[in-house]
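Asker: Chain by chain, the residues run as shown.
2 protein chains.
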Amino acid sequence: MFRRLVHQAQEIFAKRLRPTAAPQANGEHFQELNQSLDEESQRNDILDWSEFEGVFYSELLPKEGGSDKTTRFLLQLVYMLFDYVCKQSSRTNKVLDFHLPHQLLDMMDHCLHVDSEPRDLEQILSDCKETLRYCVRTGHPRFLNQLSSGLDVIGLAGEWLIATVNTNMFTYEVAPVFTLMESEVLERMRRIVGWENGDGIFSPGGAVSNLYGVLTARHYACPDIKEKGLLGMKQMVLFASEQSHFSICRAASILGIGTENLIRISCDYRGKMNVAELEAQVIAAEKAGKLPFFVNATVGTTILGAFDPLPEIADICERHKLWLHVDGAWGGSVLMSSKHRHLLNGICRANSFTWNPHKLLGVPLQCSAFLLREKGHLQSCNAMHADYLFQKDKNYDISYDTGDKAIQCGRHNDIFKFWLMWRAKGEKGFGVHIDRMFELGEYLRSLIKGREGFKFVLEKGECTNVCFWYVPPRLRDMPDGHEKNSELHKVASRIKARMLESGTLMVGYQPMGNLPNFFRVVISNPAVMPCDLDFLVNEIDRLGQLF
Amino acid sequence: MFRRLVHQAQEIFAKRLRPTAAPQANGEHFQELNQSLDEESQRNDILDWSEFEGVFYSELLPKEGGSDKTTRFLLQLVYMLFDYVCKQSSRTNKVLDFHLPHQLLDMMDHCLHVDSEPRDLEQILSDCKETLRYCVRTGHPRFLNQLSSGLDVIGLAGEWLIATVNTNMFTYEVAPVFTLMESEVLERMRRIVGWENGDGIFSPGGAVSNLYGVLTARHYACPDIKEKGLLGMKQMVLFASEQSHFSICRAASILGIGTENLIRISCDYRGKMNVAELEAQVIAAEKAGKLPFFVNATVGTTILGAFDPLPEIADICERHKLWLHVDGAWGGSVLMSSKHRHLLNGICRANSFTWNPHKLLGVPLQCSAFLLREKGHLQSCNAMHADYLFQKDKNYDISYDTGDKAIQCGRHNDIFKFWLMWRAKGEKGFGVHIDRMFELGEYLRSLIKGREGFKFVLEKGECTNVCFWYVPPRLRDMPDGHEKNSELHKVASRIKARMLESGTLMVGYQPMGNLPNFFRVVISNPAVMPCDLDFLVNEIDRLGQLF
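Going down the list, the protein sequences come from chains Y and S.
For the first sequence, this note's numbering assigns the number 1 to the initial residue and increments by one for each residue that follows.
For the second sequence, this note's numbering assigns the number 1 to the initial residue and increments by one for each residue that follows.
Only chain Y is shown next, with the shape it has when bound in the complex:
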């Protein structure tokens, strides 16, 4: 019976998802988002929500006998979500339907507001539909805007399951399976790093994982700070490259060390930390009577995708007894590729490591791991011995309770989806994905190389970041210098504005140091194919002609 349902659903989708037009590079022949959903639903009488008119949430479970309504309501939602997922894969659909905030506020004025009154379930389904209409299709093959992109179906299944079981990660008692999975996955991740033992925890994002890094190092250097605070201690200083993520700087602020005591080390043209300068600065700080305690090395910087030289940095850390934290939020996943993992040579000498599977491995947001080479630090640093929450006289081995070693109390389940994807792909599958992303990066570089109007910021990037300026025709003959840079600086933001309005593509841009704004294409989306990169270059050319 259920099989019949499945086959019928499949037929509907198969028919609806056949592309109706070839992708074009002028942005005008794309289907308007949701247009076909509306038309077709009328034709097929699919989105008939009349049974939910005047029916309120209180008719759903946990109301006794509410399972019928609940099932029917959720099926309607699921149908919309299937439609969304399948459509965003189609190149004939746009990436987004952009509106300025004040416009979108106007357009959603009929359904955005919350107040004292309940709405019926028909309205709730309609609210979901309106919401989906204006979402950015982050799984679209032409969404290359962020380090996190794409939609992994296995990961999605994992998220749906997590939401359904709605439990907290802080104890084995309420999350028995997930606690074991977290332990299993963290152990395997550490083994990939090259650590036999150690510890780790999943945190709400790379910035928090990096905060864990600085916090744990501070505790290791001066365990008294936990009880007594920083007052009366030596001035602590930490080190990170100019191109390190701003979360290291923010951690210095949060932890009471102060952003001025983060010493920024310059980078070479490729974005890699100058290690000679690092050692000189460490020595200078020691001579000045300060207490150097922490070095952050980045593997995969945000903009250029640079990998700091870990062996040399680890040598310096060993010589000066400094905690080495490696921020691999972006590039850490490269460890899964036997072809590219050499970029992280030396990683096993780190004391701690941030690794975000929600970036290069394509795990749905959020999924960030903080790993440590040695066990004990996390517990010793963060335990507050809140026996009233984490009882010690339980009937099971409480080393599986993670609540007292986190800086959070309750913790979202970020492990299951990652575990499930790992089951489905294995390290082999993750490796294939990463190798493909690197190949696509090379392909994009080959398209840009020598193409008129395109100029590399860095031709030989180490990761899948591809950074370049688009130089519009009127600037091409202008001599290099301040005036040209000043004009060039405005180009990327103008192209981006048109790109959003046309909805055909999403790529980011930013300045860096004194360099004018440039585009940074990030390839981490498994939906991307070479044709999308052809499109990207042509489309930027088309959008940029005017400026």
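Keep in mind that a hint or two might mislead.
A pair counts as met if it fits within one copy or between any two copies, since identical chains are not told apart.
[As the list claims (entries may be wrong)] Using 25 Å as the maximum straight-line C-alpha spacing, the simulated BS3-like pairs for lysine-lysine come out as follows:
| id | residue 1 | residue 2 |
| --- | --- | --- |
| 1 | Lys392 | Lys455 |
| 2 | Lys449 | Lys234 |
| 3 | Lys428 | Lys69 |
| 4 | Lys339 | Lys460 |
| 5 | Lys460 | Lys449 |
For the record, the hints were derived by calculation from the structure and aren't laboratory data.
The structure displayed is predicted, hence computed values, not measured ones.
Based on the hints, put chain S in the right spot on chain Y.
Answerer: Frame of chain Y; chain S shown alone:
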């Protein structure tokens, strides 16, 4: 066509979910979890995954033409999830199928491990089924173990949508609709508090919201700390009651102030802060040359559910120019009830406020808001001006970009599910829910009052926490004193162990100060009915007879 699918699915569920036996209090006539799923699926040929044998993730989207397989795969998962949701509502099913960690490791040995090899989709579906088998049913009417419990179907729908659109909250650009919703909901929340303006952000849990509270107050008191650190400043001290959440203490540690500089104020027998002692301690700290800067008041303490007296605390904070943070992670939601919101009288005088809709309002995990009375502090405290991530030359009003005022960088979408629930219920619906929870709390107190073997820790609690000892027959005639307490201390953990093993109920216990372990029933689960509380009392009696 789709309508037909929906009706057929409904028929299947209607048939399967009819309860087959009346609930019993001896724990032996409950259906084994998942047993009926297996039997029935064989009978109906529902869980036929043979088409997924030997089919791998790479056949799913974004593979061209992968939408059929994707739809069929996800439908099979959805079917399992529907089954889970409907079954956990049934009182004839157990709350959990408990095993000790080493047992569960054994039982899941065939499917727990991740390695280099991929598994086919049949195995992935089977993995999901195995996972669901051992999950704690947090939406079961007899799950009363945590401050967060229950499963709200509208919230679930919201989570499924969030997972599907898989975007990040840091900019309007990638989350246009959700950014507007966050702004709308935060504004409405502040209005309910009584603030006309202000600011706010959703954070990954109450502990992080409380960290924001202490951090913002530290910045307000000494803005130089952000750049220069704590060294050379006066010794900062902060105040919270003995029964405040441990995250305030952990914040003192993280922020470099030190846990010894958190001054714990004693509480009266109801768990409310002694305000006279607070003022005396503030004056003493000032006299000692220290810098008092922050007071935490708790509305809804974790164990007793006590509300600190806000007006008196606010007076002291005004007199001594201290930042008043109110931790309403648990009790903040009471503001939605016109009947009970008087418990938070004075809340509008706070400077900042933690309010977790994922607790008393039943929003799926996680959903925690940090609210501020005044705009500007959050930005000023946390901004790192990372132009390379949050460009200033965008084509839209960047005040909608929230990335630079968070302590995170990327941020999970915790707003949509809450927004959708608010649309569906309105403040009226939330109010009805809260009033019902309070009534059930009163009902449970009435059951316990005077019942043999049950003894209140606090008879007149202010919130829906109900705290009591179970005194087994052999201890009932023992005179009060150390020996009895020492015996009593062991009882709750033993009953809890049997409770987990029998799987009929889940209720928490903990010590408090010098008091021996006692049970704390928390009523926040919308599935709970009076009959479940009858069951609870009888079941604890049954389980406790032996001890």
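Asker: List in ascending order the numbers of the hints, as given earlier, that are violated by the structure.
Answerer: Violated hint (a single one): 2; every other hint is consistent with the structure.
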